[in-house]
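Sequences are here, hints too, so could you generate the full structure?
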Amino acid sequence: MNYKKVNWYFLGVIMLHLAVVGVLIALQNVYQMGMAVNLLVSELILAVPAVIALLASKEKPNRVLGFHKLKISSVLMIILYTFLMQPLTTLLNAISMLFVDNAVTSISNEVMNLPFWLTFFMMALFGPFCEEFCFRGVVYRGYLKSGNVTGAVLLSSLLFGLMHMNFNQAPYAFALGVAMAVLVEATGSLWSSVLMHVIFNAQSVLLMYFYQHFMPEVWLQQTQAAVTAEDMLPLIGIYLVIAVVCTALAACVLVWLCRNQGRDEYAAWLLQERKSGKKKGRLVSVPLVIGIVVCLAYMLLNVFLSRG
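Note that the numbering used here numbers the sequence shown so that position 254 is 263, with each residue one more than the last.
Rather than coming from a laboratory, the hints here were simulated on the basis of the structure. Watch out, some of these pointers could steer you wrong.
With beta-carbon atoms standing in for the labels, derived distance ranges [stated by the list, open to error]:
#, residue 1, residue 2, range
1, Leu215, Leu242, 26 to 32 Å
2, Lys154, Ile61, 17 to 23 Å
3, Met241, Leu305, 34 to 40 Å
4, Leu249, Leu216, 20 to 26 Å
5, Ile34, Val254, 43 to 49 Å
6, Gly31, Leu127, 41 to 47 Å
With a straight-line Cα cutoff of 25 Å, these simulated DSS-like cross-link-like pairs (lysine-lysine) come out [as the list claims (entries may be wrong)]:
#, residue 1, residue 2
7, Lys80, Lys67
8, Lys14, Lys69
9, Lys14, Lys78
10, Lys80, Lys14
11, Lys13, Lys154
12, Lys14, Lys154
13, Lys69, Lys80
14, Lys67, Lys13
15, Lys78, Lys13
16, Lys13, Lys80
17, Lys154, Lys67
For each residue, glycine too, the CB sits at the ideal point set by N, CA and C.
Printed below as a string of structure tokens:
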């Protein structure tokens, strides 16, 4: 897939999402659609078109996606890298909560009503795999064909953030998208971003269940109490300091991973390409712009409706 096909894919997914949301709202009056169905459908909306696009391209799937082996030592360092990126995502989440509600908290009670194994599978295994297959696989690899690595990282991460369809998750999802795309480049394997995504989501699920069952008073406060700017600003200051330190350490881990996976020469080539000043391929087209505008309009509409 080239950038044009990727952009059409994104627009198609956005329009499909809106159509499915409309159908689910209509069916809700007749059938009680559970959270499990919503989680499944949201991932299939991403994955099914991506699979079709990949098959239609007639390229070898693993050549496009890059599911290459990882050393055990690299796996351990990816786990460390994931936890080092946590403060940055926490910071961005806290900043967004100054303006909008926490999107995860708003659905947490419905999620907690599901059996633990089902929630864990859908949110910590199936969801991350589908999303990495789409965004660090099909989308990112498609943009890479332009030769514009930086643009591919940033644009695929932007689309990943926007696909969460809310202003709370979009900022930290964008940061995670960048962290995972760079991780894929450092290791040469899509399994690295899948692992990072699984760890990130798994700990969120485990924390939700832990608070609900062992610290119910804290859980009740998180799900029902309104967070004011006065509460958040001191925490944001603390998160900022921690995030700067941990993100710098995460960058050091990336360098180590690059060397451990034998990617030194590739990293040097990337650096030379950036300094060469060669003209890079374009990534933006009309379908992409339309998709982004529609996505932002949907997100704004949800904010207005929630405050109405």
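**Distance restraint between Lys80 and Lys67, which requires alpha-carbon spacing of 25 Å or less** = 30 Å, violated
**Message:** Check the hint pairing Lys78 with Lys13 against an upper bound of 25 Å on the C-alpha distance.
**Reply:** 30 Å, violated
**Gly31 paired with Leu127, Cβ distance criterion 41 to 47 Å** = 26 Å, violated
**Message:** Between the alpha carbons of Lys14 and Lys69, is the straight-line distance 25 Å or under?
**Reply:** 17 Å, holds
**Request:** With respect to the beta-carbon atoms only, verify the hint that Leu249 and Leu216 lie 20 to 26 Å apart.
**Result:** This hint holds: roughly 22 Å between Cβ atoms.
**C-beta pair Leu215, Leu242: status relative to the range 26 to 32 Å that was hinted** = Given about 29 Å between the Cβ atoms, the range holds.
**Message:** Would the hint linking Lys14 and Lys154 be met if the CA-CA limit is 25 Å?
**Reply:** 12 Å, holds
**Prompt:** Between Met241 and Leu305, does the beta-carbon spacing fit 34 to 40 Å?
**Reply:** 24 Å, violated
**Asked** Is the hinted pair Lys154 and Lys67 satisfied, with a Cα-Cα distance of at most 25 Å?
**Response** Within the cut-off at roughly 16 Å; holds.
**Message:** Hinted pair, alpha-carbon criterion (25 Å max): Lys80, Lys14. Please report holds or violated.
**Reply:** The given pair, whose Cα atoms are some 33 Å apart, is violated under the 25 Å limit.
**Asked** Is the gap between the beta carbons of Ile34 and Val254 within 43 to 49 Å?
**Response** Holds, at about 45 Å.
**Prompt:** Are the Cα positions of Lys67 and Lys13 separated by 25 Å at most?
**Reply:** 16 Å, holds
This entry does not satisfy hints 3, 6, 7, 9, 10, 15, 16, going by the numbered hints stated previously.
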